[in-house]
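J.: Residues per chain are reported as follows:
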Amino acid sequence: MASPETPVVLAARGLTRLYPGVRALDGVDLTLRAGEIHALLGENGAGKSTLINLLTGAQPRNGGTIAVDGVEIDPDGPGGAVQAGIAAVYQEITLLPNLSVAQNLYLGREPTRWGLVHRARMNREGAALLRRFGLTIDASRPLSDFSTAVQQLIAIARAVDLSAKVLILDEPTASLDTAEVQTLFTLLRTLRDQGLAIVFVTHFLDQVYALTDRITVLRNGRLVGERLTAELPRLELVAMMLGKAPTAESHLGRRPAKTAANGTPLVRAQGLGRRRLVGAFDAELHAGAVLGAAGLLGSGRTETALLLFGAEAADQGQLVVDGKAVTLRSPRDAIRLGFGFCPEDRKLDGIVAGLSIRENIVLALQAKRGWWRRLSTAQQHELADRYIKLLDIRTPDAEKPIQLLSGGNQQKALLARWLATDPRLLILDEPTRGIDVGAHAEIVRLLEDLRDRGMALYVISSEIEEVAAYSDRVLVMRDRAPAGLLEGDAITPAAIVNAIAADHHTRGAA
Amino acid sequence: MNAVIQRLKAARPQLALLALALLVNVFVAPGFLDLRMQDGRLFGGLVDILNRGAPVMLLAVGMASVIATRGIDLSVGVIMAISGAVAAAGVNAGLAWPLATLAALATGLVCGLWNGLLVAVFRLQPIVATLILMVAGRGVAQLITEGRILTFTEPHLIAVAGGTLAALPLPVVLALLAAGLTGLLVRATALGLFVEAVGTNPRSSRLAGVHTGLVLGAVYVWSGLMAALAGLVATADIKGADANNAGLWLELDAILAVVIGGTSLYGGRFSIGRSVLGALVLQAMRTAILRAGLPPELNLVLMALVVAAVLTQQSPAFQPLATRLMARLKNKEARA
Amino acid sequence: MMGRFVNTRTLPLLATVVVFVLIYAACAVQYPTMLGLRVMGNLLTDNAFLGILAVGMTVVVVAGGIDLSVGAVMGLTTVALARLIEGAGVPPALAFALVLGGGGLFGAGIGAAVHYLKAPAFIVTLTAMFLARGCALLISTDSIPIHNAAYDTLAGAALSLPGGGRLTLVAVIMLLTFLAGGILLHGTRFGARVFALGGNAHFAQLMGIDTGRTTILVHAFCSLMAALAGIVFSLYTRSGYALTGTGVELDAIAAVVIGGTLLTGGVGGVAGSFIGVLIQGLILTWITFDGTLSSWWTKIAIGALLFVFIAVQRLILTVSARYGRSGTGPAAPSPSTRPRPSPGATAPSAP
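Chains as they are written, first to last, in numbering that gives the first Met the number 0: chain A, 0 to 509; chain B, 0 to 335; chain C, 0 to 350.
Because the hints were derived from the structure by calculation, they are not lab data. Errors might be hidden in some of the hints.
[As the list claims (entries may be wrong)] For lysine to any residue, the following SDA-like pairs were computed, each having C-alpha atoms within a straight-line distance of at most 25 Å:
| # | chain 1 | residue 1 | chain 2 | residue 2 |
| --- | --- | --- | --- | --- |
| 1 | A | K164 | A | R131 |
| 2 | A | K399 | B | T188 |
| 3 | A | K346 | A | R131 |
| 4 | B | K8 | A | D396 |
| 5 | C | K117 | A | Q402 |
| 6 | A | K346 | B | L176 |
| 7 | C | K117 | B | R202 |
| 8 | A | K367 | B | L19 |
| 9 | A | K346 | B | L19 |
| 10 | A | K399 | B | S263 |
| 11 | A | K399 | B | G212 |
| 12 | A | K367 | B | R186 |
| 13 | A | K399 | B | I148 |
| 14 | B | K238 | B | P315 |
| 15 | A | K164 | C | Q204 |
| 16 | A | K346 | B | L264 |
| 17 | A | K164 | C | A87 |
| 18 | A | K399 | A | K164 |
| 19 | C | K117 | B | K238 |
| 20 | A | K346 | A | D396 |
| 21 | A | K367 | B | G212 |
| 22 | C | K117 | B | A28 |
| 23 | A | K367 | B | V120 |
| 24 | A | K346 | B | L213 |
| 25 | B | K8 | B | L19 |
| 26 | B | K8 | A | T394 |
| 27 | C | K117 | A | K164 |
| 28 | A | K164 | A | R140 |
| 29 | A | K367 | B | P315 |
| 30 | C | K117 | B | F317 |
| 31 | A | K399 | B | P315 |
None of the values given here were measured: they were computed from a predicted structure.
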């Protein structure tokens with residue numbers, strides 16, 4: 000284990016990255032020492048990806064310095080970072096499956112003889128290189144022949160072979176099974192003992208404690224703190240990530256559980272699940288009640304919404320709506336039943352950038368009516384203007400392209416899209432992510448208002464305190480499976496954090 | 000009225016291009032703008048451009064919505080050849096002309112359906128999916144005509160190109176009707192919105208409940224139908240079905256017409272009217288070159304240059320540059 | 000699992016070879032004379048220009064692009080050659096060098112446009128096709144005969160094969176082109192970059208490949224091959240004609256696809272394209288031998304083959320993505336699960 004005395008390999012100070020209107024990274028420091036595994040933790044939008052991109056030079060920085068071995072560097076472009084000794088391996092393996100293993104290892108620096116690639120030598124050296132990483136495979140075979148785990152090791156071998164000072168691993172274990180994780184850990188420990196500084200990004204807290212020496216936590220683009228792993232209790236870590244002191248038993252604005260949540264549910268999921276996506280979960284959604292869903296990134300929380308909305312087909316369990324079993328083959332089936340869904344990634348799955356605010360608002364209702372029953376332009380304007388006013392969407396008029404709106408106003412427009420269809424159930428995935436504080440509170444108020452008017456809501460959020468405040472029940476997800484259901488007075492921020500943080504041994508306690 | 004003005008405003012670049020091309024025509028052929036009535040039919044340079052441009056106008060009407068879904072239909076030229084062959088073979092086999100015409104249109108529908116299936120259901124890239132028909136289609140057309148130019152004398156079929164309605168050549172009427180009908184179909188229903196939504200963001204559209212597969216399939220079917228209509232006009236024009244040359248390379252003209260009409264090859268907003276204007280620009284260019292006595296081949300080079308200019312203007316690399324230039328111009332204006 | 004048995008690299012090529020052997024066997028059973036070296040020699044000679052085009056097209060398609068301008072470049076080359084040799088009295092060797100250089104430059108321009116304008120390759124090459132065809136027609140709309148002693152010698156040069164067959168110079172040029180293309184694509188660093196670019200341009204860039212330079216070189220090579228095909232074609236006809244090679248780009252693409260190269264890029268090779276060219280030639284020969292079938296069946300047959308091969312490729316990709324341990328992407332990719340923002344993406348991910 001690295002002691003504080005080991006030399007600092009990489010020192011990043013005050014790293015800042017601005018996007019229009021947002022500070023994605025705001026004066027973050029990161030210190031890496033030789034021979035340590037350093038966990039970089041934080042929720043979606045905390046700034047982990049941005050930090051990695053600045054270190055590898057994939058994005059230019061707006062402020063701050065990066066020094067390797069005391070020499071200031073400017074990783075302008077991925078090549079520059081590699082020169083300086085920084086290499087990254089991503090969850091999505093950025094190797095080329097159509098090339099052979101050896102070609103991947105030596106792309107752009109193949110050994111040649113008489114001007115031609117010396118294949119035999121390349122394969123030989125590739126195999127030898129991989130043996131040092133505990134892999135005995137035929138390097139001449141195509142990369143796609145190998146499992147994700149092996150590809151991951153190959154990517155690491157390439158990265159270390161290219162530049163051997165700092166190795167950044169972004170969610171390397173996300174698609175590995177237990178045995179594969181162990182193999183990877185063994186390798187990483189060996190590399191650490193050879194003096195490499197390793198950055199390890201993950202959402203598996205068990206792995207953080209099993210492997211890492213030090214932890215840096217980010218939240219909302221800012222540094223929360225740097226701690227030694229051994230000295231940071233799990234509960235405190237989760238609290239740092241979620242920005243919530245675990246001891247505070249705040250019942251902020253909590254209303255008493257209504258009877259509505261106890262009658263016949265509008266929608267009931269029984270053992271709903273899909274192989275390789277999310278394990279079987281139960282959920283009951285009542286009119287006039289909120290089912291909250293909590294869990295860390297990658298816990299399977301988003302996937303529950305995809306199944307409930309028919310965006311992914313379930314291959315096990317049953318969905319009962321109005322007492323009748325239904326099968327959702329596509330979102331259209333769900334919409335016909337009166338469901339609506341505001342996805343987590345507004346840009347990719349939500350807004351149709353390029354179309355106007357009006358068109359974005361009427362899209363779902365129009366799709367529900369069918370193409371031949373077009374809403375007249377007057378109706379569209381009326382609808383758009385009504386919701387712009389109702390939800391206080393800040394725009395000069397409804398004809399502006401929707402991508403010009405701020406995040407919060409885009410989210411309101413998406414809400415408007417679904418409210419226009421007069422839904423019975425509204426599914427919201429991270430409705431307040433990336434939204435400034437004012438709009439944040441407005442959206443929460445809106446949700447509470449919708450609930451009070453009898454709508455069933457399923458709200459996935461990493462804002463624990465809010466979830467605790469407005470939910471009638473809270474489904475806690477962990478490792479792509481349900482990890483507990485909190486009801487009534489049991490719903491406290493601390494209880495939710497506890498349920499999320501519980502490791503395998505204490506799972507029952509949640 | 001307001002809507003019409005708005006639409007004309009949006010079409011300013013296309014109208015300017017068309018005006019420019021027409022101006023060249025006037026310049027090289029004085030009397031170009033003269034219109035005269037003879038035997039109940041209008042004659043003149045403008046009518047001529049409309050008439051000769053009719054097939055590409057029809058193709059562009061179908062192609063516009065395809066390109067708006069971020070697709071492409073390379074097979075329209077071939078569909079023209081097949082449907083022309085079907086019509087000619089039909090009347091020659093003694094089929095009544097309405098039946099032969101219907102058979103030709105149905106052929107176009109089937110071809111479009113085939114493309115639509117490959118794109119929407121089998122998820123092939125549009126360029127690959129329509130390439131298959133482009134390769135095999137001429138063989139099919141030749142199979143029908145048995146490799147000859149199938150001439151026919153059926154007066155009604157010939158009238159598709161030679162006839163007159165409301166003082167205008169029938170192809171012009173057909174093209175304008177098709178454009179009007181298509182415009183109505185996409186704008187009076189929600190199809191236009193769906194096409195633009197699917198072309199811009201298919202994931203969001205699907206999550207909002209749009210039947211993306213149906214929309215994708217429909218645009219190829221419509222494109223096939225329009226191509227069949229264009230094929231009828233082309234066949235009637237030469238009173239025969241020429242499987243080898245009918246519609247040869249016209250898919251390119253159609254794509255260019257749509258691109259000149261301001262629709263991005265990356266999908267999204269489209270306009271039937273502006274695409275028709277694009278087709279007319281191409282035809283006016285062609286006519287101008289002919290009337291000037293220049294080699295008609297120059298037209299190919301000119302078309303290439305026009306497209307290169309449009310591509311450059313559409314390219315993401317050029318956008319920031321253009322924005323900066325515009326800003327600088329505006330600044331200057333403000334100062335002046 | 001699937002990756003063991005169904006290798007996305009080998010299966011399409013294997014299928015091509017099987018199809019070729021089947022067609023050849025069917026031919027041989029029906030017309031035993033087709034087995035002879037004479038027919039084989041003719042097959043190589045008659046399809047030499049297509050083969051050369053296919054080599055260039057293979058490289059472009061492996062790189063993830065497409066080139067619709069090759070037929071037009073070929074036509075332009077024949078006209079330019081005729082004009083240079085007949086009109087300007089340039090010696091053939093110099094004329095060859097000039098058109099080859101011009102072809103390469105033309106292709107470099109295409110590649111630069113594809114890379115810097117970020118425009119789809121098909122529309123750029125479509126434009127290039129208009130440009131080349133237009134220029135060719137502007138030089139001359141008529142066929143220009145080439146009267147040159149050296150030309151006649153080159154056109155007639157051939158090795159005798161046993162059984163009365165002839166291996167002509169153009170056939171040898173084609174075979175050498177395939178050899179050179181094979182070495183370039185499978186034996187050099189440049190070839191590895193081409194595969195990398197076609198596999199995933201973004202990843203290739205992350206791995207340090209200069210994608211712009213590679214794109215330009217790939218298109219330059221393809222147009223160079225088109226110019227070479229033009230030279231070969233002018234040797235058959237001893238003339239230059241602007242409309243030479245109309246639609247031949249489709250035949251070249253068909254040969255490449257039938258040869259097992261994926262139109263999505265990153266997988267393939269020139270050996271398959273060679274067999275793809277032979278299959279097309281064989282079908283044509285068969286139809287000629289038959290006498291009752293008409294030539295248009297060739298197009299229909301090639302279209303059908305094209306469809307079958309594209310369908311098979313699509314199926315392989317779907318199956319390997321769904322059941323493969325890794326396939327060509329992460330396990331169980333589904334269109335609606337949220338992909339992580341790709342590393343190095345410069346667009347702001349939900350801040």
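J.: Checking one constraint from the list: CA of K399(A) to CA of I148(B), max 25 Å. Satisfied?
T.: Between K399(A) and I148(B) the Cα gap is close to 54 Å, so the pair fails against 25 Å, i.e. violated.
J.: Is the hinted pair K399(A) and S263(B) satisfied, with a Cα-Cα distance of at most 25 Å?
T.: Holds, at about 19 Å.
J.: For the pair we were handed, K346(A) and L176(B), check the Cα-Cα distance against 25 Å.
T.: 39 Å, violated
J.: Starting from K117(C), check that the Cα of K238(B) is at most 25 Å away, please.
T.: Distance of about 44 Å is beyond 25 Å: violated.
J.: Hint check: K399(A) vs T188(B), CA-CA at most 25 Å. Holds or violated?
T.: Distance of about 22 Å is within 25 Å: holds.
J.: Is the hinted pair K8(B) and T394(A) satisfied, with a Cα-Cα distance of at most 25 Å?
T.: Holds: K8(B) and T394(A) sit about 24 Å apart, inside 25 Å.
J.: Check the hint pairing K117(C) with F317(B) against an upper bound of 25 Å on the C-alpha distance.
T.: Holds. K117(C) to F317(B) sits at ~10 Å (cutoff 25 Å).
J.: Taking only the CA atoms, is the gap from K8(B) to D396(A) under or equal to 25 Å?
T.: Status holds; Cα separation ~20 Å.
J.: Given the proposed pairing of K346(A) with L19(B), does the C-alpha separation stay at or below 25 Å?
T.: 41 Å, violated
J.: Quick one, are K117(C) and K164(A) close enough, alpha carbons at most 25 Å?
T.: 36 Å, violated
J.: Take the C-alpha atoms of K117(C) and R202(B), compute the straight-line distance between them, and say whether it is at most 25 Å.
T.: Holds: K117(C) and R202(B) sit about 23 Å apart, inside 25 Å.
J.: Is K117(C) close enough to A28(B), meaning Cα to Cα at most 25 Å?
T.: 40 Å, violated
Checked against the numbered hints above, the structure violates hints 3, 6, 8, 9, 11, 13, 14, 17, 18, 19, 22, 27, 28, 29; every other hint is satisfied.
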